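Asks: All chains should be built: construct the whole structure from the sequences, respecting the hints.
Sequence order for the protein chains is A and B. With numbering that gives the first Met the number 0 applied, the first sequence has no gaps in its numbers, which climb one by one up to 469 at the end. With numbering that gives the first Met the number 0 applied, the second sequence has no gaps in its numbers, which climb one by one up to 469 at the end.
Just so you know, these hints were derived from the structure itself, not from any lab. Please note that the accuracy of each hint is not assured.
No copy labels: a pair is met if it fits in one copy or bridges any two.
[To be verified] No more than 25 Å apart at the CA atoms, straight line, and that leaves these computed lysine-lysine pairs for DSS-like:
1) Lys14 - Lys57
2) Lys21 - Lys57
3) Lys457 - Lys21
4) Lys361 - Lys407
5) Lys131 - Lys286
6) Lys47 - Lys131
7) Lys282 - Lys57
8) Lys24 - Lys399
9) Lys131 - Lys24
10) Lys408 - Lys458
11) Lys57 - Lys47
12) Lys47 - Lys167
13) Lys308 - Lys57
14) Lys236 - Lys77
15) Lys57 - Lys24
16) Lys395 - Lys181
17) Lys32 - Lys202
18) Lys32 - Lys123
19) Lys236 - Lys32
20) Lys76 - Lys98
Note that the structure is a prediction, hence the values are computed from the model and not measured.
Number of protein chains: 2
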Amino acid sequence: MKNEFITSRDVDFAKWYTDVVKAAKLCDYSNVKGCVVFEPAGYAIWEKMQAVLDNMFKETGHQNVYMPMLIPESLMKKEGELIEGFAPEVAWVTYGGSKELDERLCIRPTSETLFSDYFSNVVKSYRDLPLKYNQWCSVMRWEKTTRPFLRSREFLWQEGHTVHSSQKEAEEETRQMLNIYKKFFEEYLAIPVITGKKTEKEKFAGAEYSLTIEALMYNGVALQSGTSHYFGQKFSKAYDINFVNKDNKLEFAYQTSWGVTTRMIGALIMVHSDDFGLVLPPKIAPKQVVIVPIGNVSDVVSKIYSLLKNAGISVYVDNSEKSPGFKFKDAEVNGIPIRIEVGERDLEKNIYTVARRDTHEKINVNCDIDIVSYVNFLMDDIQNNLYNRAKDRRDKMTYKAENVEQMKKIIENNPGFIIADWCGSEECESSLRDINGLKSRCILEDEKPDHNCVVCGKKSKYRVVWGIQY
Amino acid sequence: MKNEFITSRDVDFAKWYTDVVKAAKLCDYSNVKGCVVFEPAGYAIWEKMQAVLDNMFKETGHQNVYMPMLIPESLMKKEGELIEGFAPEVAWVTYGGSKELDERLCIRPTSETLFSDYFSNVVKSYRDLPLKYNQWCSVMRWEKTTRPFLRSREFLWQEGHTVHSSQKEAEEETRQMLNIYKKFFEEYLAIPVITGKKTEKEKFAGAEYSLTIEALMYNGVALQSGTSHYFGQKFSKAYDINFVNKDNKLEFAYQTSWGVTTRMIGALIMVHSDDFGLVLPPKIAPKQVVIVPIGNVSDVVSKIYSLLKNAGISVYVDNSEKSPGFKFKDAEVNGIPIRIEVGERDLEKNIYTVARRDTHEKINVNCDIDIVSYVNFLMDDIQNNLYNRAKDRRDKMTYKAENVEQMKKIIENNPGFIIADWCGSEECESSLRDINGLKSRCILEDEKPDHNCVVCGKKSKYRVVWGIQY
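Replies: The following block contains the structure:
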């Protein structure tokens, strides 16, 4: 049933979003402006994301480390573009106890500076390379307007930082991590993404270039969902990270960095969830199955529970004092992919009911069914259905435009991704901001432009995906 | 062989400690005063600790959450004792970007205030209780003198925070978490601990009482290794956390908090390690077995590697270009519990060699041995041996004293734990500081005093363990 605490998604998307966050108890506002409390249900999704990604990182030879959370101002300033990009939005520590500090320290907005400083101490020879490090931590950016998971002053993320002895190897790393993010989004979060290169204007401060995965939300707004940056020798020159190469000559090292954040929880909500509450793909759902007992059915419930649990499925029994109707509603709002209703009267007919969260379909199954196989089959089916549904919608909301008028019309009707060719000038790119803040999402690297620039009509250099962004 | 980069433990313990930290690449000093870089080998130990503890916490019904890292000064001040205890040692954020903040914010030194503030928003009825939360994060305390893992401005920890509807349940929780810490230390870290209650003087600011586990290092210095606090209604009254109880009356809630930190890595070093480098108990070692190939032995090495890996043992092959001697030394300094040396000439005799890190014993084994069973047996044996060795030493260094003269003599000769009865007056307790900073470690709750107070000679109330602390 429609949840009375959740505004309809098609009526007020922004309100619907915060209603779902609140109703599913994912996070709560705190007394600290712009910072949220990650509640158990929200943090459990993050832990599941961490487990999968951490494994992918380790399988590709990365190791976890932890850098200090504070950065001295002088260290931060060594790389000019980075400090320019971040200075307006960092939090500054000026007192330690009652003593004013000689030099103020900022809370990390990102850790290129600290990693580079560390690398400059430990990298001596090509034999020390590559160093492929990652850290899970929180970062702080003094944002003015904030929204749960999408934009907050403090958020959780992972940041990978690697050093290589050749440009080729570093560029391969940059590409590899982008592909890992794409795989994670499509196979685990069931969210299709477009990959490409950021324009000069939109790339990360201090990067040679930035690769990105871009996802489209239910309301047609684009979400930058993960980025992988190639730094070349920019940081190694600023922080003096050099090594003796195979020719016994000093060479500056080649670096990358890459990250994804708790914003991914926001993407899960805005791509899959509905007016009933949260919808989670089974592969990322902390709780995959709930069993709701109706009447005196504890023997059968115990049996189903044990079978599923022993098969490695995350299952729980809702033994609260609520009525079955309320338990169904809880399971829906919390995004449990599969609900098994075991009722006394149904058992007399040797059946019980399995309900899918994605389609709301209810299926009567015979008590003699192999429930483990069936649940595994259903979970695969739900996972695929969520992906296909999101992809169909994304494809339907991906438009082509040849001029600014067409772009305006698309955005006015129903925003989405707009594919349009571009001459490469920052002037043309910036002018599109006038259309509801339209921005380039990424350059499609595998496609050649075959139209003139969508703005100036001159010869195009790139085929670009444009969109309104979060 | 003795490592030439490591000072002998018996010559200069403090230097030995930092030499081991550096040689095993556990952490590195950073450009941020008082903060260290957790390098892969050090962070991997922390990840292993986290995995085991997190599982123990979840099995006892705790859920992970994440609170903001910043605390507004006004919120911090609500509980008087807490701010008094922490004010001299917090870092203050006073600027966001270029704008001075209306109210300064401190980086969390601990999160009772934020949890309590959150609890006051969400706790309404006894039906909402208990709430049993934990968070993994870093905290900041503006220490003046710092030592890697033992005392640094920023360190990593977990902090559990729970709310209960009765004093009894909260006290049971406090005790349960102490027992989990004890179990973790003894069964996983192979470190015997004494458990007891902190004196009023030494308890956590704001607690009704604090329970502690205390370990003894190789040099006889005591390390407070984990604490579990019962708050009663102190915080719930200050932060207005009340609930409607079963009699339909408003009641202030009962709270606990408990934590362990990356200091545990320091304990592992100072209890088990030696002049050859790090020694790790197999249950907490990120890498349990290293295989060193000598000559053309790749078939046998692959076979042993696969067998061990498939059995869930953490194993790697040292395929670096170093000589076998250097590889042995690396394995020793890095604390790999078991080293398997596979040599061409040995294989002709159908044997290879297994070396234990704890005893340096080398054992020739027949190639036809069931290597998985043998390694599992050896790991158990090493784990037990490390525990027994530490316990024997601890027991030998635990003394009894009846007066101050005896205490002085013990501390002068060879510090350790001193058991002595005490009248309970803070004056007597404080006066012992004059003996090299001797402090109470904990009150032994299960033992009754049978001597007069070790200081004033009046009637005793408690049997107390005293020691010099880190």
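Asks: Does each hint hold? Answer for all of them.
Replies: Quick rundown of the hints versus the structure:
{"no.": "1", "hint": "Lys14 - Lys57", "verdict": "neither (39 Å within a copy, 34 Å between copies)"}
{"no.": "2", "hint": "Lys21 - Lys57", "verdict": "between (34 Å within a copy, 24 Å between copies)"}
{"no.": "3", "hint": "Lys457 - Lys21", "verdict": "neither (49 Å within a copy, 60 Å between copies)"}
{"no.": "4", "hint": "Lys361 - Lys407", "verdict": "neither (43 Å within a copy, 77 Å between copies)"}
{"no.": "5", "hint": "Lys131 - Lys286", "verdict": "between (33 Å within a copy, 18 Å between copies)"}
{"no.": "6", "hint": "Lys47 - Lys131", "verdict": "both (23 Å within a copy, 20 Å between copies)"}
{"no.": "7", "hint": "Lys282 - Lys57", "verdict": "both (19 Å within a copy, 20 Å between copies)"}
{"no.": "8", "hint": "Lys24 - Lys399", "verdict": "neither (39 Å within a copy, 54 Å between copies)"}
{"no.": "9", "hint": "Lys131 - Lys24", "verdict": "between (36 Å within a copy, 16 Å between copies)"}
{"no.": "10", "hint": "Lys408 - Lys458", "verdict": "within (23 Å within a copy, 90 Å between copies)"}
{"no.": "11", "hint": "Lys57 - Lys47", "verdict": "both (16 Å within a copy, 14 Å between copies)"}
{"no.": "12", "hint": "Lys47 - Lys167", "verdict": "neither (33 Å within a copy, 34 Å between copies)"}
{"no.": "13", "hint": "Lys308 - Lys57", "verdict": "between (27 Å within a copy, 16 Å between copies)"}
{"no.": "14", "hint": "Lys236 - Lys77", "verdict": "within (10 Å within a copy, 49 Å between copies)"}
{"no.": "15", "hint": "Lys57 - Lys24", "verdict": "between (31 Å within a copy, 19 Å between copies)"}
{"no.": "16", "hint": "Lys395 - Lys181", "verdict": "within (20 Å within a copy, 59 Å between copies)"}
{"no.": "17", "hint": "Lys32 - Lys202", "verdict": "neither (28 Å within a copy, 32 Å between copies)"}
{"no.": "18", "hint": "Lys32 - Lys123", "verdict": "between (44 Å within a copy, 24 Å between copies)"}
{"no.": "19", "hint": "Lys236 - Lys32", "verdict": "between (38 Å within a copy, 24 Å between copies)"}
{"no.": "20", "hint": "Lys76 - Lys98", "verdict": "both (24 Å within a copy, 19 Å between copies)"}
When each numbered hint is compared with the structure, violations occur for hints 1, 3, 4, 8, 12 and 17.
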